[in-house]
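S.K.: Top line first, the protein sequences correspond to chains H and C. Residue numbering for the first sequence follows the numbering used here, beginning at 462 and increasing consecutively. Residue numbering for the second sequence follows the numbering used here, beginning at 462 and increasing consecutively.
It is possible that some hints are incorrect.
Claimed, not checked - Capping the alpha-carbon separation at 20 Å, the derived lysine to aspartate or glutamate pairs in EDC-like fashion look like this:
#1 H:752 to C:686
#2 H:627 to H:798
#3 H:752 to H:657
#4 H:661 to H:636
#5 C:752 to H:686
#6 C:665 to C:640
Unchecked claim - Using C-beta positions, here's what the derived DEER-type ranges look like:
#7 C:674 to H:579: 29 to 37 Å
#8 H:800 to C:521: 34 to 42 Å
#9 H:541 to C:709: 34 to 42 Å
#10 H:699 to C:792: 54 to 62 Å
#11 C:798 to H:807: 49 to 57 Å
#12 H:579 to C:637: 48 to 56 Å
#13 C:488 to H:541: 30 to 38 Å
#14 C:798 to H:625: 30 to 38 Å
Stated by the list, open to error - Covered stretches of chain C, as calculated for chain H (at least 3 residues, CB under 8 Å):
#15 527–536
#16 562–571
#17 707–715
Hints in this document: simulated from the structure, not taken from any laboratory. Glycine included, every Cβ here is placed at the ideal spot set by N, Cα and C.
Protein chains: 2
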Amino acid sequence: MSQSPTEPKERPARETRAAGASLTTMNEIARMAGVSESTVSRALSGSPLVAEKTRERILKIAQAANFSVNQQARNLALGQTRTVEVIFPIEPGTLQQVSDPFFVDMLAALTDELAKHEYDVLITKSTPWDENRPGCAFLGGRADGVVFVGQGRHRADIRDFARAQKRVVAWGAADEGNDHCVVGSDNIRGGRMATEHLLKLGRKSIVFLGDRTLPEIAQRYAGYETAMSAAGIAVNDKLVLNAPFDIEKARRACEQLGDLFPGFDAIFAASDMIALAAIAALRDKGITVPKDVSIVGFDGIPAGAHVNPSLTTVNQSVRRGGAVIVEKMMQLLKTGEAPSELLPVELIVRQSCGANQT
Amino acid sequence: MSQSPTEPKERPARETRAAGASLTTMNEIARMAGVSESTVSRALSGSPLVAEKTRERILKIAQAANFSVNQQARNLALGQTRTVEVIFPIEPGTLQQVSDPFFVDMLAALTDELAKHEYDVLITKSTPWDENRPGCAFLGGRADGVVFVGQGRHRADIRDFARAQKRVVAWGAADEGNDHCVVGSDNIRGGRMATEHLLKLGRKSIVFLGDRTLPEIAQRYAGYETAMSAAGIAVNDKLVLNAPFDIEKARRACEQLGDLFPGFDAIFAASDMIALAAIAALRDKGITVPKDVSIVGFDGIPAGAHVNPSLTTVNQSVRRGGAVIVEKMMQLLKTGEAPSELLPVELIVRQSCGANQT
DNA sequence: AGCTTTTTTGCAAGCCCTTGCATTTAATTT
DNA sequence: AAATTAAATGCAAGGGCTTGCAAAAAAGCT
Chain H
462 MSQSPTEPKE RPARETRAAG ASLTTMNEIA RMAGVSESTV SRALSGSPLV AEKTRERILK
522 IAQAANFSVN QQARNLALGQ TRTVEVIFPI EPGTLQQVSD PFFVDMLAAL TDELAKHEYD
582 VLITKSTPWD ENRPGCAFLG GRADGVVFVG QGRHRADIRD FARAQKRVVA WGAADEGNDH
642 CVVGSDNIRG GRMATEHLLK LGRKSIVFLG DRTLPEIAQR YAGYETAMSA AGIAVNDKLV
702 LNAPFDIEKA RRACEQLGDL FPGFDAIFAA SDMIALAAIA ALRDKGITVP KDVSIVGFDG
762 IPAGAHVNPS LTTVNQSVRR GGAVIVEKMM QLLKTGEAPS ELLPVELIVR QSCGANQT
Chain C
462 MSQSPTEPKE RPARETRAAG ASLTTMNEIA RMAGVSESTV SRALSGSPLV AEKTRERILK
522 IAQAANFSVN QQARNLALGQ TRTVEVIFPI EPGTLQQVSD PFFVDMLAAL TDELAKHEYD
582 VLITKSTPWD ENRPGCAFLG GRADGVVFVG QGRHRADIRD FARAQKRVVA WGAADEGNDH
642 CVVGSDNIRG GRMATEHLLK LGRKSIVFLG DRTLPEIAQR YAGYETAMSA AGIAVNDKLV
702 LNAPFDIEKA RRACEQLGDL FPGFDAIFAA SDMIALAAIA ALRDKGITVP KDVSIVGFDG
762 IPAGAHVNPS LTTVNQSVRR GGAVIVEKMM QLLKTGEAPS ELLPVELIVR QSCGANQT
């Protein structure tokens, strides 16, 4: 029995189906239910175009067959992904910095908020402008938008990227140059609050500890500077020290504090982890916090309340930040644009500044 | 000019293309290059079936058009996703617990390792057996496999899930009952090491602090028990205290320690965060660590080295754990099975146990 | 130049869904 | 009961890509 040559020959189905994945397809469900694929699709997606009786029957069958629709195919058909990519643009090689509890909290917040909108979260370390890894998932059509958690040194890159690809929201320091959406804490104000608090406690020689090449930190520094000059105190360059985020490196950077002492009586640390490192370094030299030196940190990490001395800090509500970022993203996805937003910060006074001696 | 009715009518293309997404399709590139879609596909994927000259031409055009292939479509065609879902099966509502630096480090490790294999990472909070959120992405065909970071109270659920869906790797306490792949630290050994260390320092009344309903913690407790009875000391039930992971709650749980004192002279805390909370709680009562009470924690969080007193702890290499998990997952994806593995732990002696008085 | 062999290309089916429109079936109306 | 309207279903095209196989083009031989 030879088939006519124009008739397509039966081809053995490629055996590609992943072992654990949904074994059934809509097609099979349709066959089982004795209806067309379209009806199954509509039944499952709650379309009013299908009779209630039919829907129930199909639902039952689908359930029994342990079926769940293939989102990949569904999204392709719908021209969406229901996924947002979250990028941590940090130095390649080490993700250690992420240890900073800030990142987790942010990630948790983003995950929660996006889940509310039924969006998935795709995590990436490689940045889109990374030479070696050509594309981020967003560009590969695997995400509807991108969130940059922190702009770090990549501010210009992010700006360019955002300009080309729309649908970008970044956490960090807003900047007139951007026309993309940036959500961030009011770092300037936070820096000022911290510094003013130290000044109010009678401290005069305040060390600034942080990497000012990072825009967020630069802003915190700006606040510091403002407060100092408002108090009529000239900033002493010797007291402005570079300290990286990574706690190990920060600890090493803080070693020089010993030599400086007693040239200063307070520290404003650009992050809580840095504050922790500084306290440890001072302790090594026999310098006591807050007796000899007052310290204020920045971030409000949970552990800050439980260390000794407990950390006075400028708290940024990461939870809130995540919520706002997602809000902006949704707006962006819907309307095509979203304005930047600055989030308020608050000073949490605990022991390390010396205001509360317990 | 009327069209014949059998001829499909021109239909306006649905305008679904996301604004920022790859604007071009292979089709367009093909047209630009004057070749067929297949040739473009082959050219871009490095097939040897295409002439080098043609490939270069196409590559150039694609580059100029800022084209990148739509992974969603590609993966659909290939019957894969190149994505692994990472689930944190923690109590719904709060992801706060994730603040525990352990989770971030783990996530970082997983992301890094999976990236090496060119896999993406999808984060989920909702578990597959969650009533309200019917399916995890894996079941929706959006991932090739699932990693559970911690089994928590869901051990049975995870076991069932793993049995039904293959391609599951879990971090946590291995168990004879499982036939799925579990990677975890040697918690029993770690618990024993910590306890033995305290005993060696001459401590006798050792508090165990942790939630033994969690299998990982139960194992750490088992190690504690073993060490105690090996030393000929009966475990005093009054000294076994329930403390949750969350640092705030742990702190509250630790408040009762004050009343117990001086009924004990050491603490083995099931996690570093709990240890931190305990130290803070003791300090409130005027009890000093390590003078009055020795403490050993578990995890090896980075900040542990920099707090006061610095934490003696059982360190588990999360980095290593992540690498092994991914290794297992790859094996699972390839061969369909992978054996469980137990990872070694090490004791890091610092100040909180009193062995090192600086 | 004519034929065989090897390279390159293109065709079209398939991955698993969604959805506009035509068609069938059921419910109403006169 | 016939005609009209409404409700439920199916058909087939389409989303952007891959790939087996057939067809075309180029290369190698005699």
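S.K.: Hint by hint, note whether the structure agrees.
M.R.: Going through the hints against the structure:
| no. | hint | result |
| --- | --- | --- |
| 1 | H:752 to C:686 | violated, 42 Å |
| 2 | H:627 to H:798 | holds, 8 Å |
| 3 | H:752 to H:657 | holds, 18 Å |
| 4 | H:661 to H:636 | violated, 30 Å |
| 5 | C:752 to H:686 | violated, 42 Å |
| 6 | C:665 to C:640 | violated, 39 Å |
| 7 | C:674 to H:579: 29 to 37 Å | holds, 32 Å |
| 8 | H:800 to C:521: 34 to 42 Å | holds, 39 Å |
| 9 | H:541 to C:709: 34 to 42 Å | holds, 39 Å |
| 10 | H:699 to C:792: 54 to 62 Å | holds, 56 Å |
| 11 | C:798 to H:807: 49 to 57 Å | holds, 53 Å |
| 12 | H:579 to C:637: 48 to 56 Å | violated, 38 Å |
| 13 | C:488 to H:541: 30 to 38 Å | violated, 20 Å |
| 14 | C:798 to H:625: 30 to 38 Å | violated, 45 Å |
| 15 | 527–536 | holds (count 8) |
| 16 | 562–571 | holds (count 7) |
| 17 | 707–715 | holds (count 3) |
Hint compliance for this structure: hints 1, 4, 5, 6, 12, 13, 14 are broken, all remaining hints hold.
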